[in-house]
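In order, the protein sequences belong to chains D and G.
Once you know that position 185 of the first sequence is 185 in this note's numbering, the rest is easy, because the numbers rise by one and skip nothing.
Once you know that position 345 of the second sequence is 345 in this note's numbering, the rest is easy, because the numbers rise by one and skip nothing.
Everything labelled a hint here was simulated from the structure, so no lab data went into it.
Be careful, since some hints might not be right.
[Unchecked claim] Quick list of in silico lysine to any residue cross-link-like pairs, SDA-like style, CA-CA up to 25 Å:
1. G/K351 to G/Y341
2. G/K351 to D/V297
3. G/K225 to G/D38
4. D/K320 to G/E360
5. G/K144 to D/G73
6. D/K320 to G/E369
7. D/K265 to G/D355
8. D/K244 to D/P298
9. D/K44 to D/N91
10. D/K320 to G/R375
11. D/K244 to D/A134
12. G/K299 to G/S217
13. G/K74 to G/D355
14. D/K265 to G/L372
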Amino acid sequence: MNATLVEAVNDALQTAMAGNDRVVVYGEDVAETGGVFRATQGLKDEFGDDRVLDTPITEIAIAGSAVGLAMYGYRPVAEIQFSGFIPPTFNQLVSMASRIRWRTRGEMTAPMVIRAPYGGGVRALEHHSESLEAAYAHVPGLQVVIPSTPHDTKGMLLSAIEEPDPVLFLEPKRLYRSFREEIPDEEYTVPLGEAAVRKEGEDITVISWGSTMPDTLAAAETIEEERGVSTEVIDLRSISPLDKETIIESVKKTGKAVVVHEGPKSGGFAAELIATINEDALMHLEAPVHRVTGFDVPIPMLGMEDYYLPNPPRIEEGIKRALDLEGGV
Amino acid sequence: MSQLDDQSLELGAPSGSIAECTLSEPEKTPQRYRIVDDEGNYDPDALPPLSNEELKELYRWMVLQQVIDVRMVKLQRRGEMGTYASGRGQEASMAGCAYALEDQDWLFPYGREATALLIQGMPLRDLLLYWRGVEDANKQRKNKVFPPAIAIGTHIPVGVGFSWGMSLDNSDAITTLYHGDGHPSTGEYQAGMNFASVIDAPALFYCQNNGYSISASFEQQTGAKTVAQKGIAYGLDGIRVDGNDILAVYDAVRTAREHVSKGNPTIVESVSYRLDAHTTNDDPSLYRDDEEVAQWEEKEPVSRFESFLKEFGLWDDIDEEAVREEANEQFDQAKEAADAYDSGGVEEMFKYLYDEMPAELERQLEAFEQFLEERPDAYDHIEHRPKG
Ligand SMILES: Cc1ncc(C[n+]2csc(CCOP(=O)(O)OP(=O)(O)O)c2C)c(N)n1
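Construct the complete structure from the given sequences, taking the supplied hints into account.
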């Protein structure tokens with residue numbers, strides 16, 4: 001089928017629920033209306049009230065009950081309406097979900113998925129657009145996954161639901177309906193923890209994920225035309241666990257790298273990637289690794305959010321800086 | 001008597017019957033305090049002490065709320081406003097509460113209560129700026145208004161702490177925490193309510209129970225029959241009031257305010273109905289039927305107040321058309337002022353995060369300004385990027 005990213009979410013949930021009657025979908029407004037982005041539309045009609053539930057406004061209990069439900073033997077796929085409302089779940093994710101297996105020495109597990117639309121650029125209200133994936137990736141035991149295409153979205157969400165450990169599945173809401181792609185009707189999976197090389201190249205590695213992926217690809221192509229260089233573009237897809245090999249191999253080949261992400265710069269996930277490159281490929285580097293990110297401020301309300309978001313010109317300048325061997329940021 | 005025996009009095013008499021030791025919900029839903037009925041009839045002795053001028057003023061606030069809702073939604077449809085949460089159907093609930101408060105009181109809103117903010121002193125221009133996504137609109141300290149709690153429940157413990165400060169200062173001010181019927185489901189609400197009760201905070205929990213939290217009906221939100229009763233377990237009193245009867249709301253909040261100002265945090269549950277969509281992004285036809293909405297249209301608070309004003313003999317004094325015209329003019333002026341407002345350059349994004357801007361943030365700002373100079377084409381992406 002030809003699907004948008006949000007339709008791929010819907011298709012994945014439908015496929016998972018049809019294939020496994022232990023998959024339960026719930027969250028605020030998911031059942032009756034299909035969620036504010038309609039990601040769960042039609043599921044209640046097909047699978048009934050017991051398996052598709054509207055919950056009260058309580059992110060704490062949505063996350064905490066998913067841990068319990070999963071420990072008991074169900075496969076909860078809970079929706080947090082917007083990434084800005086993940087923070088109340090943080091205690092349950094940190095203190096419970098991520099370490100049940102470890103605490104019980106493998107006796108109990110929490111195979112659960114928490115989905116949330118993340119990122120700015122859709123004129124949402126304040127507190128709706130946060131990109132704090134780096135904070136969640138810092139929690140040992142919690143897998144953090146961010147697809148950027150409809151094809152990956154279906155395949156990775158199905159993987160996440162099959163995954164025996166908890167997954168935070170962040171969906172780039174700016175891309176929910178921005179383009180379509182052909183995806184298989186049947187069940188298929190895309191493994192977690194594997195980056196995708198979106199474009200092969202020789203001169204510089206550009207790494208991104210989720211919401212900034214299309215702009216990153218566009219910028220890389222502009223630079224190729226302008227400079228006559230060839231760019232390799234990597235879509236990280238999984239923030240945690242991290243596919244170090246693909247990154248290191250690429251950097252060894254190109255000798256230069258740029259990381260692009262939407263979250264704030266300091267302590268962002270680019271920092272982890274640059275440290276990884278330094279650890280394993282420093283001697284292959286021909287220039288400092290650059291980053292193009294959001295700024296170290298809360299994502300502004302809609303009046304100024306587009307100033308905050310990395311855009312193709314900013315990404316282009318970042319790539320050029322790395323190419324031109326100018327040190328510093 | 002030993003300490004334990006002293007305490008045993010507080011524990012309640014012992015009983016051998018489980019039934020006698022069982023606490024449960026009231027079988028019947030508690031009543032709603034009401035002064036004016038659906039037809040505008042009332043008991044003259046029950047009227048709160050409001051002058052004719054004040055009654056007319058209440059009417060003007062309700063009409064202004066109607067005008068704001070209609071015009072904000074129109075602006076949103078034209079792309080001149082962000083997502084907006086209409087208060088249609090809740091005019092009495094919003095204005096009646098705010099009107100009952102004192103000048104020194106603080107308001108912690110959650111976003112739907114336009115006229116409550118204006119009664120408090122916030123300019124209409126700033127309300128427009130807020131919904132246009134301009135942070136400057138949150139500069140309302142002078143008007144004793146905290147920024148709206150868009151992340152639900154977040155303002156509750158904060159407002160409780162703020163009112164705690166008031167009581168430590170022996171101030172006679174209170175804080176009013178506006179919220180919806182979905183808010184008590186959050187952990188922050190429950191933690192805040194309990195904390196308020198322990199520190200005797202002068203905090204008024206003002207719940208507009210409008211029947212829905214986006215698509216979730218009140219029954220889907222909680223197993224409890226009312227919001228007012230939620231306080232009981234935490235040691236707070238609760239009052240239920242007919243939220244479409246502005247005089248009852250006014251009276252209930254005035255009474256509650258008295259109680260609150262003596263260090264008794266209280267919940268007022270104003271029972272009303274949201275006639276419009278949750279926000280301009282919402283499609284209510286997916287979760288409620290027209291028949292239900294029509295029933296509530298009948299109980300609509302502005303026409304009920306008009307009926308009252310007729311019964312009371314004040315209606316002939318009021319030129320409805322002029323009131324509406326005036327409200328529309330007020331909106332025109334606010335819109336003009338909002339259009340003319342200079343919300344500053346990119347430095348606005350970096351300012352105010354800290355008392356002094358750290359060096360790294362300054363670097364980021366400078367680099368960004370330089371980038372915008374070098375790449376003016378970036379504005380194409382900033383101004384013209386398709387918006388979700
Ligand atoms: C923590 C959090 N979770 C979810 C949301 C999304 N959301 C916005 S408004 C709303 C419903 C609020 O309902 P209620 O408290 O009854 O107030 P109403 O809007 O009906 O006046 C929800 C779930 C949010 N803003 N914050």
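Verification of the hints:
no.	hint	in the structure
1	G/K351 to G/Y341	holds (18 Å)
2	G/K351 to D/V297	holds (9 Å)
3	G/K225 to G/D38	holds (23 Å)
4	D/K320 to G/E360	holds (22 Å)
5	G/K144 to D/G73	violated (51 Å)
6	D/K320 to G/E369	holds (18 Å)
7	D/K265 to G/D355	holds (20 Å)
8	D/K244 to D/P298	violated (29 Å)
9	D/K44 to D/N91	violated (29 Å)
10	D/K320 to G/R375	holds (13 Å)
11	D/K244 to D/A134	holds (16 Å)
12	G/K299 to G/S217	holds (19 Å)
13	G/K74 to G/D355	violated (39 Å)
14	D/K265 to G/L372	holds (18 Å)
Consistency with the previously given hints fails for numbers 5, 8, 9, 13, ordered from lowest to highest.
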